[in-house]
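Chain Z is fixed; fit chain H onto it per the hints.
These protein sequences, in sequence, are chains Z and H. Just so we're aligned, residue 1 is where the first sequence starts under my numbering, counting upward by one. Just so we're aligned, residue 1 is where the second sequence starts under my numbering, counting upward by one.
These are computed hints drawn from the structure, not numbers from a lab. Ideal placement from N, C-alpha and C gives every residue a C-beta, glycine not left out. Among the clues, some could well be false.
Not close to chain H: a few residues of chain Z, all C-beta gaps over 12 Å, as computed [unchecked claim]:
hint: 1; residue: 3
hint: 2; residue: 4
hint: 3; residue: 18
hint: 4; residue: 26
hint: 5; residue: 81
hint: 6; residue: 83
hint: 7; residue: 224
hint: 8; residue: 285
hint: 9; residue: 409
hint: 10; residue: 501
hint: 11; residue: 570
hint: 12; residue: 585
hint: 13; residue: 610
Derived coverage of chain Z by chain H (criterion: at least 3 residues anywhere in the stretch with Cβ under 8 Å from a Cβ of chain H; other residues may be distant) [stated by the list, open to error]:
hint: 14; region: 161-167
hint: 15; region: 306-317
There are 2 protein chains.
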Amino acid sequence: MQTECSVAFIPDNLSVHVPVGTPLLRAATLAGLELTSACGGKGTCGRCVLRIVKGTADPGDEASLPAKYRGDGYVLACKARVQGDITVEVPGDSRLIEHQVLVDSSLLAEELVGLGDAYPFAPICRSVDLSLDEPTLVANASDLTRLQAELRRRAGLEDLRTNLAALRQLGGTLRACGWKVSAHVAEHHPGQAELIAVSPGHGERKYGLAVDIGTTTVVVDLVDLATGLTVDKRGTYNKQARYGDDVIARIIHAAEDATGLKDLTEAARETINELIDRLLGKHGLRQDDLLAATCAGNTTMTHLFLGVDPRHIRVEPYIPTATCFPVVRAGELGLRLHPGAPVVPLPAVASYVGGDVVAGVLATGLARSDSLLLFIDIGTNGEIVLGNKEFMVACSCSAGPCFEGGGISNGMRAMKGAIQRLHIDPATYAVEYDTIAGARPIGLCGSGLVDALAELRRAGIIDRAGKFVGERKSPSLRRTDEDWEFVVAPGSATECGRDLCITESDVKNLIRAKAAVYAGISTLLRMVGMDLEAVERIYIAGGFGSYLNVKDAVGIGLLPDVDPARYRFIGNSSVKGAKLCLLSKEAKAEAEEIARRMTYLELSLGNTFMDEFVQALFLPHTNLKLFPSAAVQEAIQ
Amino acid sequence: MQTECSVAFIPDNLSVHVPVGTPLLRAATLAGLELTSACGGKGTCGRCVLRIVKGTADPGDEASLPAKYRGDGYVLACKARVQGDITVEVPGDSRLIEHQVLVDSSLLAEELVGLGDAYPFAPICRSVDLSLDEPTLVANASDLTRLQAELRRRAGLEDLRTNLAALRQLGGTLRACGWKVSAHVAEHHPGQAELIAVSPGHGERKYGLAVDIGTTTVVVDLVDLATGLTVDKRGTYNKQARYGDDVIARIIHAAEDATGLKDLTEAARETINELIDRLLGKHGLRQDDLLAATCAGNTTMTHLFLGVDPRHIRVEPYIPTATCFPVVRAGELGLRLHPGAPVVPLPAVASYVGGDVVAGVLATGLARSDSLLLFIDIGTNGEIVLGNKEFMVACSCSAGPCFEGGGISNGMRAMKGAIQRLHIDPATYAVEYDTIAGARPIGLCGSGLVDALAELRRAGIIDRAGKFVGERKSPSLRRTDEDWEFVVAPGSATECGRDLCITESDVKNLIRAKAAVYAGISTLLRMVGMDLEAVERIYIAGGFGSYLNVKDAVGIGLLPDVDPARYRFIGNSSVKGAKLCLLSKEAKAEAEEIARRMTYLELSLGNTFMDEFVQALFLPHTNLKLFPSAAVQEAIQ
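If we strip away everything but chain Z, and leave its shape as in the complex, we get (with noise of 0.2 Å):
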């Protein structure tokens, strides 16, 4: 019988072993996890709601569990027992500090700056301030008809279109203030006005939502319309984690189970309506006030968000049933904004490469460059996006979730108590590392495994194919049953009591992910017959994106070799885009002509990105004159 089981935590990505009979909340504890609890684990307040995903534990005593959990795996972590390997889910309102999803403050100032010299301030949704005649029996045209003259008037709006909601509720607002209103009017089709709603007074400030739906992560920005103002913005884990940690995963949950694709729509939708009512309960807005959205997202998550079956996308000939999508209303998709508000999903290129990614292009300003520019977003895949004014081209590399901690044995997100900077003393092994937040470390973040696969090769403890070759005797090096494995931080140090090491399999890992993103370099600026030279600025956008080290992400030949003052970190450019579609009718026209011009290369087809890739699985590269601040390096050694 097994006596020693793995409890996985998702979405931390953390794990321990603990023997059978543990409690969750001590395994839990030992992950590095800290749980809400008023009663102190007596199993009283019903705080420490955790919810069982795969694999059983014995419940225990239930009483406490409130009724809205019963049924569907939910467990007091306190009172269940482990019995097996099994994963659980942290619901967000049993963390004591809640680990929210990094977002990325940093462009509030400057990306209203960006906005005015490049585009337009017109919004998809404007609200304009009426004050309207009463009717009487001569001048007796239907409310929507004396609407529409004053707007024709005030605002040069011609051939006012309506929808349900907002007619239902024109009549009464009228009469209810003195027929003294807001008009709440969408133009998010060209030379095409739809009344959204009508507000009673004047001044009422209305509000957009720019989201980015990532496969890991949801962010949604807040926009007060009027100014263009990222009021305040929020993030989370995208729960249809639950159903797989990839979009290849995702699908074949959407294409072989009964329930899946309404499964991971419903994720998506609660995961963004959580984060619309956190955003509304903070700033004391209603449903009502939100009057527009901007969603981008890669193709799987927008065919997901959608209800659209995205089974096509993962097999050959990789088909998308759509790059170009509808603008839909609020209230269809079951999204807590006004049920009229025009919803309007950024566009993609093709199966891999999203709406994410003409949002950073658009971000970047890449499509209207004189220069050549390169895009490289790095999350749970890697794109790549080359091109100017002239032409462009993209393409998607498999990179793997390992930047985000995925497939690797300490690998973590980036949040508290993530070690996301390293540097090991050649001479004695000693590691000196920085975490989030200062905490004590529970496991490495993207980051700090690209600092990690440097250091340990510039310590001379792997060699260049990544094999453990390190000859210093050091508690740190160590031989396991299984595997070579290198202690980042001792047990006495830990969260969880355990040593944090990588392996020599984390070291292949990292490689071959770190090789798919450089090939993917390599392969564009081979089919547009450019070298690297030719790139005036490379844009690094993705999750880790402004804490990465270019030093020793070039050290690892992630990144080309070129001068480091070349590079632009721009965090989420994906929710930056959306921002500026919604904020600016002409930047979401540019974000259509960018799907349209953008072109995709299979990389698939043809040999030249196995080629490149297998010549990249090397530290940093097989041919070391592409990296020559490297090879000084190595031939020191």
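Same frame as chain Z, now just chain H:
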């Protein structure tokens, strides 16, 4: 204690007086209603279900009442006993012979010819058969892009949008049928096409619906969108009748009952859905075969149908929320067409000149006519339009529901057993009559009532003011405690065994109704400074249109005294106009143009209408010069 109670049956407008304790089944039989029953009234078959909408009855043994009818006022007619005055609704399922609304089939052949003459055949939804190339790794456009390209090439459709429902089925359908599909595209807005659905294979027939939402009756035409031919039609009573007979009663219910608006919207939806179900069942079609609908109704009906509060229509200055309505998807309204099918409400002119009148004007060609035409729609209200291609003026006169049998003691709608024609022998007061379907008489419908009024006057039984002055001693003419009355059919001849009479107050009501219509016509003519001689043709639309005896209608002063050859009876012009809009984008655009161009005359403004009305309160009119043909007869008497 009350020993005799009144039992009113709706929507038939039939009522009887019976002793307290009478079973409802007996009361129904006395009223001439035949209810379905398999057990002979033993209370075991559960089929004679009625619904009490006002008053109460002792339900008796309800063991056999089907579960779906429990609550909400349903009882078994054979078990429930009358306890006081009561109003009872007779569901269609409970009738032995379903009293279907008479749908006018005489236009089936001619209308297609008319359409061909006047408007190009270009339905607002069309089907295009496509054979697409299968995608490859190289030709890897999305399914939608591939379809759009082919529709552009084959059908010249630019900028094709889609809806969510179509998108959700696209990928599966294309692959299930080897890329050979039929694309169904709506073009309800000029220059803008929307993909509604894709069906596998080629050549499948798709259908549209033309709907007339009358206050009293609802008619649905099933139309083949490929040929324009009307495949079938169905009519029934508007289930809203349970909340009131006329638009005013329904507006009050909508405004004053907490669930009033919802009730009425649901009742309209259910009425239409039941007709749809019957059409689908009969022709072996599926819901998804119905790809578009056009709906014509008066302004209140259209508001209620769309769930828009109509309360401001009823109070001065009588302002509707809208006269132009948005195109709505069937799914949004819960109508049983394809969920993405566009439902196009015809535009209205004002609160009391609705889309049904616009449809009628469209169907008559009035708006394109060189010569002056008059359009008169006599339904629950009376609407009149005067005009040609240069101008159009319209008014609505509160004729009341007399001509549909409302407010008349033995009035009823034009259904089986209704007296539709009658003649009174001036010498003997003997009555000859015709009933619909040759059945034993149950009551008098509109055309019968017009005849009765004319004949009562002709026989000298009433004077020009409608007062009973008949001097001949006859069992047909008698005085009750309350009123004078004339027996049209003795109890020995009638279905219910009671005498069918017409009373002095019935006569007064009919005179007021006919005076309102005539005064409306006079007021419109006076407004534009023209007289009847300038009117080349008079179109009579409405439920009783084609059964009306022009000579008698002129005789009583309902219609102007012009050459009978100038009259045209066009039956249900509302559904005919709706059908034109379904089958021709150009006709639909013209309906919008008609609604914009038509000038609405509010009759409550100024004294003209009231003066005309008072003058018309005689038979045929105060001024006999206006009725030369009647004047001859009056001179004789």
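Against the structure, the hints come out as follows:
1. With 12 Å as the threshold on Cβ separation, the claim that residue 3 of chain Z sits away from chain H holds: the shortest Cβ distance comes to roughly 48 Å.
2. Non-interface status of residue 4 of chain Z relative to chain H is upheld: no Cβ of that chain comes within 12 Å, the nearest being about 46 Å off.
3. Every Cβ of chain H is farther than 12 Å from the Cβ of residue 18 of chain Z; the closest lies at roughly 44 Å, confirming the non-interface assignment.
4. With a closest Cβ-Cβ approach of about 46 Å to chain H, residue 26 of chain Z is found to remain outside the 12 Å limit, as its non-interface label requires.
5. With a minimum CB-CB distance of about 44 Å to chain H, residue 81 of chain Z clears the 12 Å threshold, and the non-interface call stands.
6. Even its closest Cβ contact with chain H, about 41 Å, leaves residue 83 of chain Z beyond 12 Å, as expected for a residue assigned away from the interface.
7. Under the 12 Å C-beta cut-off, the non-interface status given to residue 224 of chain Z relative to chain H holds; the minimum distance is some 28 Å.
8. Every CB of chain H is more than 12 Å from the CB of residue 285 of chain Z (nearest about 26 Å), matching its label as outside the interface.
9. Residue placement check: residue 409 of chain Z keeps its beta carbon more than 12 Å from all beta carbons of chain H (closest about 36 Å).
10. With 12 Å as the threshold on Cβ separation, the claim that residue 501 of chain Z sits away from chain H holds: the shortest Cβ distance comes to roughly 41 Å.
11. Look at residue 570 of chain Z: its CB is around 27 Å from the nearest CB on chain H, clear of 12 Å, so calling it non-interface holds up.
12. The Cβ of residue 585 of chain Z lies farther than 12 Å from every Cβ of chain H, with a closest approach of about 16 Å, so its non-interface assignment holds.
13. Residue 610 of chain Z, annotated as away from the interface, keeps every beta carbon of chain H farther than 12 Å; the closest lies near 15 Å.
14. Interface restraint, the region 161-167 of chain Z with chain H: holds (5 residues with C-beta to C-beta distance below 8 Å; minimum three).
15. With 8 residues carrying a beta carbon less than 8 Å from a beta carbon of chain H, the region 306-317 of chain Z meets the three-residue requirement, and the given coverage holds.
This entry satisfies every hint, going by the numbered hints stated previously.
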